[in-house]
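One letter stands for each residue in the lines below.
Protein chains: 2
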Amino acid sequence: MRKLMDGHNFQDRDWLFGLMIQSKLFCPKRAGGRVFISPDYNQTMEQQREMTMKRIAYLLDRGVFDGWLTGKGAEAEMRKFALHEVIGMYDHSLAVKLGVHYYLWGGAIQFFGTKRHHDKWLRDTEAYMIKGCFAMSELGHGSNVRGIETVTTYDANTGEFVINTPCESAQKYWIGGAANHATHTIVFSQLNINGNKQGVHAFIAQIRDADGNICPNIRVADCGHKIGLNGVDNGRIWFDNVRIPRENLLNSVADVLPDGQYLSAIKDPDQRFAAFLAPLTSGRVTIAVSAVYSSKISLAIAIRYSLTRRAFSLAPNEPEVLLLDYPSHQRRLLPLLAKTCAMSFAGNYLKMIYVKRTPQSNKMIHVVSSAFKATLTWHNMRTLQECREACGGQGVKTENRVGHMKSEYDVQSTFEGDNNVLMQQVSKALLGEYIAAKKRKAPFKGLGLEHMNESCPVIPSQLTSSTLQSSRFQTDVFCLRERDLLNRFAIEVSQRQAQGESKEYAFILSYQLAEDLGRAFSDRLILQTFLEAEATVSDGPMKNVLGLLRSMYALISLEEDPAFLRYGYLSTENAAAVRKEVTKLCGELRPHALALVSSFGIPDAFLSPIAFDWIDANSWSSVQH
Amino acid sequence: MRKLMDGHNFQDRDWLFGLMIQSKLFCPKRAGGRVFISPDYNQTMEQQREMTMKRIAYLLDRGVFDGWLTGKGAEAEMRKFALHEVIGMYDHSLAVKLGVHYYLWGGAIQFFGTKRHHDKWLRDTEAYMIKGCFAMSELGHGSNVRGIETVTTYDANTGEFVINTPCESAQKYWIGGAANHATHTIVFSQLNINGNKQGVHAFIAQIRDADGNICPNIRVADCGHKIGLNGVDNGRIWFDNVRIPRENLLNSVADVLPDGQYLSAIKDPDQRFAAFLAPLTSGRVTIAVSAVYSSKISLAIAIRYSLTRRAFSLAPNEPEVLLLDYPSHQRRLLPLLAKTCAMSFAGNYLKMIYVKRTPQSNKMIHVVSSAFKATLTWHNMRTLQECREACGGQGVKTENRVGHMKSEYDVQSTFEGDNNVLMQQVSKALLGEYIAAKKRKAPFKGLGLEHMNESCPVIPSQLTSSTLQSSRFQTDVFCLRERDLLNRFAIEVSQRQAQGESKEYAFILSYQLAEDLGRAFSDRLILQTFLEAEATVSDGPMKNVLGLLRSMYALISLEEDPAFLRYGYLSTENAAAVRKEVTKLCGELRPHALALVSSFGIPDAFLSPIAFDWIDANSWSSVQH
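One line per chain: the protein sequences are A and B, in this order.
Numbered by full-length UniProt numbering, the letters in the first sequence go through residues 1 to 625 in order.
Numbered by full-length UniProt numbering, the letters in the second sequence go through residues 1 to 625 in order.
Each hint should be verified, as a subset may be incorrect.
One copy or two, either will do: identical chains are not told apart, so a pair holds if it fits within one copy or between any two.
[Said to hold, decoys possible] Calculated pairs, BS3-like style, for lysine-lysine (alpha carbon to alpha carbon, straight line, at most 27 Å):
(1) K441 with K197
(2) K3 with K24
(3) K29 with K197
(4) K72 with K584
(5) K584 with K543
(6) K503 with K29
(7) K441 with K428
(8) K503 with K543
(9) K72 with K441
(10) K584 with K54
(11) K543 with K438
(12) K120 with K3
Hints are computed from structural coordinates only; laboratory data are not their basis.
The structure presented is a predicted model; accordingly, all values stated were derived computationally and were not measured.
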């Protein structure tokens with residue numbers, strides 16, 4: 001089961017778990033006869049940042065980052081994903097700090113740059129000799145990157161670009177690494193050549209020298225204390241006529257010749273902009289996947305606690321009841337467990353299509369990574385919150401991780417694209433496919449919409465348990481929802497346009513259907529990845545458990561999305577049958593709960609005292625006098 | 001409007017706001033030409049605790065706590081509530097630390113004690129000469145207080161009680177004030193007299209001397225770093241044959257004579273136990289109300305930000321759109337605004353029935369405070385999360401409060417009774433009323449269930465806008481839901497009993513209906529308090545806005561609770577009409593958003609930089625060099 005969920009690079013993962021557990025830098029603490037490792041969060045921001053750097057140095061030394069930028073092919077990318085996931089399971093700050101350097105800075109050099117940049121920067125970046133950051137967001141522009149205000153012009157006399165921050169809202173903001181450690185940055189900026197606005201481009205600029213002194217014409221300030229991720233030094237940058245060599249333009253998409261002539265194979269600035277951002281999908285891939293691992297940690301802790309913690313007895317002189325034996329407690333945790341398993345498969349699928357990407361699959365990857373980034377990070381926040389409450393007061397102790405991770409992971413729902421904005425983009429893309437298919441009067445092809453070419457699924461009026469647990473019914477009802485919502489969305493938007501609204505505004509007004517549709521797309525695809533994973537397993541007990549998990553995933557989605565009742569995909573009788581089946585599945589999954597969280601493959605040291613003997617861990621003898 | 005929402009003691013509130021703004025102890029910081037006050041959360045737990053104590057000493061000196069325990073009557077209680085609310089708006093740690101001392105320790109002396117305790121302790125407690133804590137929870141028992149394991153016996157030879165912690169799970173846990181500062185504690189313990197188990201009783205024990213040294217036979221340990229509230233020193237306590245004078249039993253309900261004879265006016269241990277806990281309702285009252293103020297702060301910040309922050313333009317060269325002009329952004333924030341106003345009235349109602357309590361109203365107060373504590377704190381967490389995301393990255397900065405408050409307030413959903421457990425108690429109480437009414441074949445009387453004596457409301461098949469906005473329809477549909485759910489719940493529980501389940505277990509199995517019913521009760525009562533508040537206002541623009549808010553509160557509750565569709569209280573056509581009306585109401589409330597958050601009466605200094613000129617607040621000139 002672990003193989004199915006982790007998917008790849010098991011030995012690499014275990015090796016890195018071991019490296020961290022061995023070192024004092026990862027703050028091992030004894031409790032209840034076990035060792036747990038976790039950062040000391042009772043530290044100031046400054047101390048946490050320093051610890052992050054020390055941990056990076058240790059991992060660098062051990063060769064963890066070897067091949068992260070110079071490695072070639074899908075295998076190297078999968079190893080990097082696996083190791084990065086393991087790092088995130090220890091501390092999100094550490095993962096984000098490394099993500100900015102290797103995925104954003106390094107990825108920008110790889111994907112936006114050409115040979116001259118690769119030769120000059122990749123090796124030193126991999127060796128952390130130079131420390132990169134990624135200056136895209138500004139105070140005034142986050143999700144709307146196209147609206148950034150930083151301006152770069154070209155001086156043909158010296159062959160240099162000149163970068164400026166023209167106003168306070170153009171200051172670069174939230175730039176991870178900028179406040180303390182980064183030596184270089186990617187700068188996203190409007191490029192103006194001889195009075196022509198060529199749109200957003202990316203440049204390399206140095207911001208600190210090797211001794212850590214800020215470079216001339218650069219100003220840097222700290223973003224200050226955050227609700228989490230205080231191990232990352234987010235900063236702000238102002239550019240005052242900063243001059244950089246012409247070669248520092250990352251020129252994979254467009255270039256400027258020494259005489260100032262602007263060249264690009266892509267004429268349309270919108271398409272050029274899209275081409276610029278496409279390779280950054282890796283950021284969303286890692287965010288989505290790390291959200292699943294965070295959910296796994298919290299569920300492993302909360303479920304283990306619920307198997308040792310008791311509360312209230314049903315009759316006098318009877319033992320108190322284990323938390324997980326309460327049907328209500330099962331209902332709180334086991335659907336989240338099933339969803340997390342489903343999303344684990346979805347994450348593996350996303351990584352797979354990403355590393356096997358082709359120019360043709362870019363659009364699909366963009367849409368799927370947007371949908372999964374939003375869906376998986378929202379799911380994670382909800383799981384963390386439920387697990388924290390399910391652990392009661394113990395969930396509030398930092399050492400028990402569950403509650404604390406909420407602060408560390410909260411940022412995921414808005415960084416690298418606000419989740420709501422991403423989901424709107426998903427629906428927009430689906431609508432685009434819809435309109436294109438109608439226009440060319442051809443079947444749907446792409447984004448998994450092929451099911452719309454079939455006849456509309458019919459949901460039986462009487463749902464038996466075996467129908468409810470069948471993959472056929474589950475697929476049908478998910479496809480029905482997606483199909484109908486897409487039709488409704490298309491109709492509503494076109495009606496609004498017919499009433500005189502612009503297409504843009506019509507879309508904005510139809511946000512509720514857009515949200516519903518985005519969810520329908522995401523859920524349908526997750527179910528599909530689940531079925532694909534299930535198909536690789538041969539008949540036996542594990543396949544049976546997978547079937548239960550998949551049914552729970554599907555049915556809880558039916559239960560939770562009011563669209564099924566609202567739009568009549570399910571009758572109230574059907575909805576009652578679904579609810580009853582969910583309760584039944586809770587009981588059926590209950591005996592497997594411990595085995596399932598064990599199959600997450602998280603070493604005990606990465607869980608917390610309440611996951612094991614929490615009475616002993618809290619005993620007087622464990623108090624350090 | 002502010003008068004209606006704050007309800008009482010406006011001058012006292014303003015005076016205390018002023019006291020805090022004036023003092024350096026409250027960490028004033030300049031940003032964007034304004035001063036903001038907020039604790040420095042980039043401090044270790046130890047530093048935060050020290051600052052809490054300094055702030056208490058300052059407020060004590062200024063007379064803030066005068067009359068908090070020696071004052072008499074409803075007026076003194078309302079003043080205490082008002083000042084405590086204002087303190088919580090600055091920092092939840094400060095409010096909780098004071099709450100433990102004045103409401104829990106002080107309240108226990110007042111309510112569980114008799115004249116001898118009042119004379120001895122209340123004056124010194126009010127003057128903070130002694131510092132009290134409240135040792136109820138144990139490692140092994142939180143919500144289930146009746147199951148605590150601490151044991152107290154009586155030694156007639158010396159006239160002393162002897163308190164013991166018999167095992168590790170009996171250690172007192174989460175005791176606010178115990179780790180560093182408290183000199184005395186209330187100890188909840190099983191009382192065994194001559195081998196007779198008399199159930200849980202409360203005693204006074206000293207744990208530190210005036211110099212802060214731990215007393216003999218007491219052991220204390222720290223609970224450690226928490227995800228929030230680090231300004232409160234939560235600790236653990238073990239008792240090893242701790243001897244206290246017989247007079248230290250808080251004897252309002254039961255007493256032990258010098259010879260060891262046990263006396264109580266209440267023979268049934270269960271009823272005795274209930275009588276013990278009843279007066280502690282004040283804790284739940286303050287939690288519920290403080291949750292509303294937290295929601296107000298976050299909405300004031302998020303809505304003000306959404307009125308200055310722009311993102312994306314609808315057409316080239318058009319200015320970007322203000323966030324609050326997006327229908328989707330209105331839909332995120334304005335329903336929460338309406339709910340928060342509604343819950344503000346609910347909070348005032350709760351305070352009012354509490355300070356006017358009589359022995360007859362105790363049950364009602366217990367049920368209402370349980371329902372509102374759960375509903376208002378859940379609402380607060382949801383509001384904070386939505387506001388944090390609505391503020392994008394700025395919501396992650398600690399200085400902007402919204403994101404940080406999540407960690408500080410999270411504990412509210414599980415402390416002083418887990419919300420789920422409380423809501424089950426609400427439904428249990430409703431079921432009790434139901435069964436009693438059926439048994440005595442008399443009309444319903446109490447807990448607001450009188451509406452069940454009327455004929456069942458009928459919902460029109462076509463809902464017009466004016467019907468949807470009418471208080472009649474809103475009341476009808478809320479009553480219909482409560483009535484039907486209570487019927488269903490009673491039937492389901494009795495069916496399960498008929499199938500051989502114990503009453504207790506039948507109840508546990510019917511948790512979903514219990515949850516739905518608890519929500520229905522809570523919503524119906526909140527709507528009622530809204531209507532009562534509205535009735536005090538004479539016709540005019542303010543009454544119109546109140547009407548919009550009330551309709552939004554009612555309709556968003558219809559939209560969000562799937563029970564309306566699931567059980568057919570609304571047809572799908574009706575549900576579509578509700579959804580449309582919510583969107584319409586968003587547009588109608590949009591022009592009033594700023595006025596509404598201003599009417600919360602929160603001084604600017606208690607908001608944050610993004611609520612005002614956030615560009616200026618982030619300018620280079622504001623950076624401290």
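| message | When the structure is checked against the list of hints, which entries are broken? Sort them ascending. | response | Per hint list: 1, 2, 3, 4, 6, 8, 9, 10, 11, 12 violated.
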